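Q: What follows is the residue order along each chain.
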Amino acid sequence: MNENLFSSFITPTMMGLPIVILIIMFPTLLFPIPTRLINNRLVSAQQWLAQLILKQMMMMHSPKGRTWALMLISLIMFIGSTNLLGLLPHSFTPTTQLSMNLGMAIPLWAGAVITGFRYKTKASLAHFLPQGTPVPLIPMLVIIETISLFIQPMALAVRLTANITAGHLLMHLIGSAALALISISPTTALITFIILILLTILEFAVALIQAYVFTLLVSLYLHDNT
Amino acid sequence: MPQLDTSTWLVTILAMILTLFILIQLKFHKYSYPLSPAPKTFKSTSFPTPWETKWTKIYSPLLLPQQ
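Residue numbers (the working numbering), protein chains in the order written: chain F, 1 to 226; chain L, 1 to 67.
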């Protein structure tokens, strides 16, 4: 049962070729490049969405932080579209892979922190000691703040992985439970099916929320450091 | 847990870096938000001289002393 349950999270290779590359690159096909002054509906809708997200996210940043606008909008669109595509049956969701999420979280977090150290050295070092701490507690608090700083990228990556993986696992389990219950007791199967539908709606929300949370936190780390 | 099988990590990370940092950014780089083409009202750069800011009745032509 273990083998079967986790089999949807194995990186797909077809006869030795890693098609995971194609799967990760697939969401880029869903964002056409605008070529006209007035574009078709799909491109206009995506431009509107991008402007909405950009205005909301970039409002709180200084001009230095706003240079990251392209990176952050690409991040939220990439994670959002990847998560939503993963809700299709039998599809592979790249964001369930810890490798990919670590690869996203660590460079972005490190970029924000290193930018902070380069341009505002004193202020970024000051983050290690909150204001108004009593003097005897200072060494311990510096250690705690350092640990909490270094855990930020790990938390980013593991949060995204765990949320999406758990959602997919739950859907798989409840779906197979509903299927098995049909021959035993159709009413219970109906109840389980309704639970599955509610869970799917939740998963749609989770897909979008996780993208938002990831990007928001990166943006927060950026704000601290610019 | 198959996510912890590190043999595939390199391929996944490279594919993600390619996609996220190059492909997707190339798509969003082309989004442009032009300002609306309505003409802007421009403020005049010349300011009225102090004696022109207030209209005073003595400048009315019929009230000037007749010459």
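One or more hints might be untrue.
Computed cross-link-like contacts, SDA-like style, restricted to lysine to any residue with a CA-CA straight-line distance of at most 25 Å [to be verified]:
{"hint": "1", "chain 1": "F", "residue 1": "K64", "chain 2": "L", "residue 2": "W51"}
{"hint": "2", "chain 1": "F", "residue 1": "K55", "chain 2": "F", "residue 2": "S44"}
{"hint": "3", "chain 1": "F", "residue 1": "K122", "chain 2": "F", "residue 2": "R66"}
{"hint": "4", "chain 1": "F", "residue 1": "K55", "chain 2": "L", "residue 2": "F28"}
{"hint": "5", "chain 1": "F", "residue 1": "K55", "chain 2": "L", "residue 2": "S44"}
{"hint": "6", "chain 1": "L", "residue 1": "K27", "chain 2": "F", "residue 2": "A69"}
{"hint": "7", "chain 1": "L", "residue 1": "K27", "chain 2": "F", "residue 2": "Q152"}
{"hint": "8", "chain 1": "F", "residue 1": "K120", "chain 2": "F", "residue 2": "Q152"}
{"hint": "9", "chain 1": "L", "residue 1": "K30", "chain 2": "F", "residue 2": "K120"}
{"hint": "10", "chain 1": "F", "residue 1": "K122", "chain 2": "F", "residue 2": "H223"}
{"hint": "11", "chain 1": "F", "residue 1": "K55", "chain 2": "F", "residue 2": "G65"}
{"hint": "12", "chain 1": "L", "residue 1": "K30", "chain 2": "F", "residue 2": "Q152"}
{"hint": "13", "chain 1": "L", "residue 1": "K27", "chain 2": "F", "residue 2": "A178"}
{"hint": "14", "chain 1": "L", "residue 1": "K30", "chain 2": "F", "residue 2": "K122"}
These are computed hints drawn from the structure, not numbers from a lab. Bear in mind the structure is a predicted one, so any value in this text is a computation, not a measurement.
Q: All hints are to be evaluated individually against the structure, with a verdict given for each.
A: Here is what the structure says about each hint:
| no. | hint | in the structure |
| --- | --- | --- |
| 1 | F/K64 with L/W51 | 48 Å, violated |
| 2 | F/K55 with F/S44 | 16 Å, holds |
| 3 | F/K122 with F/R66 | 22 Å, holds |
| 4 | F/K55 with L/F28 | 15 Å, holds |
| 5 | F/K55 with L/S44 | 32 Å, violated |
| 6 | L/K27 with F/A69 | 14 Å, holds |
| 7 | L/K27 with F/Q152 | 29 Å, violated |
| 8 | F/K120 with F/Q152 | 20 Å, holds |
| 9 | L/K30 with F/K120 | 32 Å, violated |
| 10 | F/K122 with F/H223 | 15 Å, holds |
| 11 | F/K55 with F/G65 | 13 Å, holds |
| 12 | L/K30 with F/Q152 | 32 Å, violated |
| 13 | L/K27 with F/A178 | 42 Å, violated |
| 14 | L/K30 with F/K122 | 37 Å, violated |
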